[in-house]
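If you're matching them up, the sequences are chains V and D in order.
Going letter by letter, the first sequence gives residues 1 to 344 in the numbering used here.
Going letter by letter, the second sequence gives residues 1 to 344 in the numbering used here.
Calculated from the structure, these hints are not laboratory results.
There's no promise every hint is true.
From the derived model, a few chain D residues whose C-beta atoms are all more than 12 Å from chain V [claimed, not checked]: (1) CYS120; (2) LYS216; (3) PRO262; (4) LYS335.
Only pairs whose alpha carbons sit at most 27 Å apart, straight line, appear in this in silico DSS-like list of lysine-lysine [what the hints assert, rightly or not]: (5) V:LYS22 x D:LYS70; (6) V:LYS32 x D:LYS47; (7) D:LYS224 x D:LYS307; (8) D:LYS302 x D:LYS260; (9) D:LYS22 x V:LYS211.
Stretch by stretch, here's where chain D covers chain V in the computed footprint (C-beta under 8 Å, at least three residues) [to be verified]: (10) 23–31; (11) 49–62; (12) 68–76; (13) 91–99; (14) 169–181; (15) 243–255.
Just so we're clear, the structure is a prediction, and the values are computed from it rather than from any experiment.
Note that beta-carbon positions come from the ideal geometry of N, C-alpha and C, so glycine has one too.
So the chains spell out like this:
Number of protein chains: 2
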Amino acid sequence: MENNETEISKLGEFGLIDRLTKDFPLRNAETKKGVGDDAAILTFGDKDVLVTTDLLLEGIHFDLRYVPLKHLGYKAAIVNFSDIYAMNGTPKQITVSLGVSSRFTVEHLDAIYDGIRTACDLYGVDLVGGDTSASVTGLVISITCIGVASPDDVVRRDGAKPTDIICVSGDLGAAFMGLQLLERENSVAAGQKDFQPDFAGKEYILERQLKPEARKDIIELLRKEGIKPTSMMDVSDGLSSELLHICKDSGVGCRVYEDKIPIDYQTALMAEEFNMNLVTAAMNGGEDYELLFTVPLTDHEKIEKLKGVNMIGYVTKPELGCAMVTRDGNELPIKAQGWNAFEH
Amino acid sequence: MENNETEISKLGEFGLIDRLTKDFPLRNAETKKGVGDDAAILTFGDKDVLVTTDLLLEGIHFDLRYVPLKHLGYKAAIVNFSDIYAMNGTPKQITVSLGVSSRFTVEHLDAIYDGIRTACDLYGVDLVGGDTSASVTGLVISITCIGVASPDDVVRRDGAKPTDIICVSGDLGAAFMGLQLLERENSVAAGQKDFQPDFAGKEYILERQLKPEARKDIIELLRKEGIKPTSMMDVSDGLSSELLHICKDSGVGCRVYEDKIPIDYQTALMAEEFNMNLVTAAMNGGEDYELLFTVPLTDHEKIEKLKGVNMIGYVTKPELGCAMVTRDGNELPIKAQGWNAFEH
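Kindly produce the complete structure, drawing on both the sequences and the hints.
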């Protein structure tokens with residue numbers, strides 16, 4: 001590196017994306033929203049077309065020592081579907097590009113595509129294209145997902161208003177604790193022949209890491225109940241990071257209550273076993289693929305009745321900033337401690 | 001590899017894609033055509049939406065020892081635009097995903113995005129999203145391009161009819177000879193301090209390799225002249241390979257004339273210098289990004305007047321197979337010797 005050059009890790013993922021994409025004007029009438037949400041919003045005919053893409057790299061996003069290839073294919077598809085649901089859209093098509101090194105056989109690729117097929121079957125999505133190439137390095141999976149929505153239905157990150165209720169589906173931190181468990185068992189196993197990891201009673205957190213689901217059911221439930229969120233995104237980098245995105249884009253602040261953060265029993269047990277702070281894991285672990293959204297205060301009663309949705313706080317004026325209210329009533333500023341791929 | 005497993009190179013790129021994608025049903029009304037053309041054809045409202053994607057991997061598709069990063073960004077965008085034009089559509093949006101190892105600085109990425117921006121400016125395309133991640137291995141660039149066309153305008157690979165005229169834009173083999181030149185100068189340079197490669201008089205073939213263009217101009221010219229091809233694709237893997245695709249998908253055969261294959265003077269000189277068969281280079285070199293298309297015989301006079309388009313042969317009944325008619329009047333069967341990324 002020359003003296004006057006800049007290390008990528010200095011900017012962080014979002015700073016880097018801002019810098020690289022800031023000088024790209026949007027010139028086509030068919031582009032409603034470019035970079036900066038879960039998916040881009042395009043408009044063709046009377047439909048909004050949503051486009052999202054994810055790049056998964058071996059050694060960064062997955063470790064083939066403990067991720068079965070079928071699960072990898074399934075998860076690679078699901079994380080893209082999740083981005084489309086997070087816009088209140090319906091995923092319709094995906095393209096899949098694979099870069100594979102010579103240590104992979106056709107049967108290995110069959111397993112990856114098996115997982116992708118299972119995900120497509122379950123969520124009603126068509127595989128419509130892609131690219132397959134040799135790789136001199138590790139496994140590369142790049143998936144782009146196309147979704148559709150009526151223009152009136154699309155929910156962005158920038159519509160949260162003061163007094164809105166902040167909601168999150170499911171529970172948080174489980175995928176992160178599942179990853180800790182897999183990494184521990186993998187390092188214990190190293191060098192031991194016939195080692196059998198003990199996963200009994202930990203199935204839920206493992207499944208959350210290895211086979212996450214996109215919350216299609218929550219989107220359908222909200223639609224059925226006539227609730228349209230004012231803002232929404234999926235929790236991929238961690239609740240803290242996503243709350244800050246919504247608040248920044250909407251120009252608001254927030255308060256979330258520590259004792260309202262939904263956490264599963266297995267997640268809590270595992271955090272204790274690892275001597276980790278449970279709330280930190282739930283706030284910053286990431287890979288939950290739950291939906292974080294805001295609704296008007298007037299939807300309070302409707303939300304209260306919904307199974308699988310928790311109210312965790314409320315939206316404030318921007319000058320109040322973003323904070324978590326702890327069990328003892330103190331306010332802790334929320335910081336983005338989300339996963340940074342450039343710090344590896 | 002276990003005994004009963006299959007090496008990927010045994011299937012080849014197209015055999016592999018067929019195997020991996022064959023069990024994916026298309027279930028959505030919004031999907032008109034999935035895998036198997038330059039781009040997928042989706043339908044939203046009254047528009048056909050075209051989607052294509054390309055994965056470029058360091059060490060396979062490019063060598064950073066002689067490809068400037070700005071050119072790499074430009075070319076990565078162009079090859080996607082070319083796929084949309086090859087469907088007779090207009091590229092509108094791209095997403096760009098990058099995987100970058102720690103040896104890259106922010107300034108390196110600026111250079112890649114500079115090239116992408118130049119391409120977007122020139123072709124009127126919007127950057128609408130992407131993903132940026134660290135990579136523990138080489139540079140990864142995955143671009144998806146979205147285009148649009150009226151349903152009546154879309155041209156697929158499967159519409160060629162016996163007696164149609166086969167046309168190709170520009171000239172062939174130049175990008176391949178440019179690559180040979182770059183590789184030679186790079187190996188000569190190895191270990192020599194202050195080595196200056198001699199590229200004088202070879203600018204055209206270098207530009208064809210390093211900074212190819214998509215043939216937007218040809219698409220506009222055809223439209224202006226009221227010519228709608230019966231089939232079309234872009235020449236990325238080599239003319240032989242693309243002719244076989246069109247003939248297979250259309251259920252026809254073809255005859256192309258050796259002495260009609262358009263070849264630039266610099267390409268011919270370079271082939272002589274390298275002692276390579278010129279026609280083989282032009283038929284199988286690839287990366288030309290010219291348009292190969294067929295038109296009804298009745299368009300003969302219109303095509304004759306078009307600058308930059310050459311008639312190279314005609315479509316036959318399928319039983320006649322695919323052959324090149326040599327200068328001495330013999331028929332040589334056309335074989336797919338296109339570039340196979342899995343043979344590296």
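Tested hints:
1. CYS120: Non-interface label on CYS120 (chain D) violated, nearest chain V Cβ at 7 Å vs cutoff 12 Å.
2. LYS216: holds (15 Å)
3. PRO262: PRO262 (chain D) is indeed farther than 12 Å from all Cβ atoms of chain V, at 28 Å.
4. LYS335: Holds: least Cβ distance 21 Å, greater than 12 Å.
5. V:LYS22 x D:LYS70: holds (17 Å)
6. V:LYS32 x D:LYS47: The hint holds at about 16 Å.
7. D:LYS224 x D:LYS307: holds (13 Å)
8. D:LYS302 x D:LYS260: holds (18 Å)
9. D:LYS22 x V:LYS211: Cα-Cα ~24 Å, so holds.
10. 23–31: holds (count 8)
11. 49–62: Holds, because 11 residues of the stretch 49–62 of chain V bring their Cβ atoms closer than 8 Å to Cβ atoms of chain D.
12. 68–76: violated (count 0)
13. 91–99: Held - the stretch 91–99 of chain V has 6 residues with a Cβ nearer than 8 Å to chain D, which meets the minimum of three.
14. 169–181: It is violated: at least three residues are needed, and the stretch 169–181 of chain V offers just 0 whose Cβ sits closer than 8 Å to chain D.
15. 243–255: violated (count 0)
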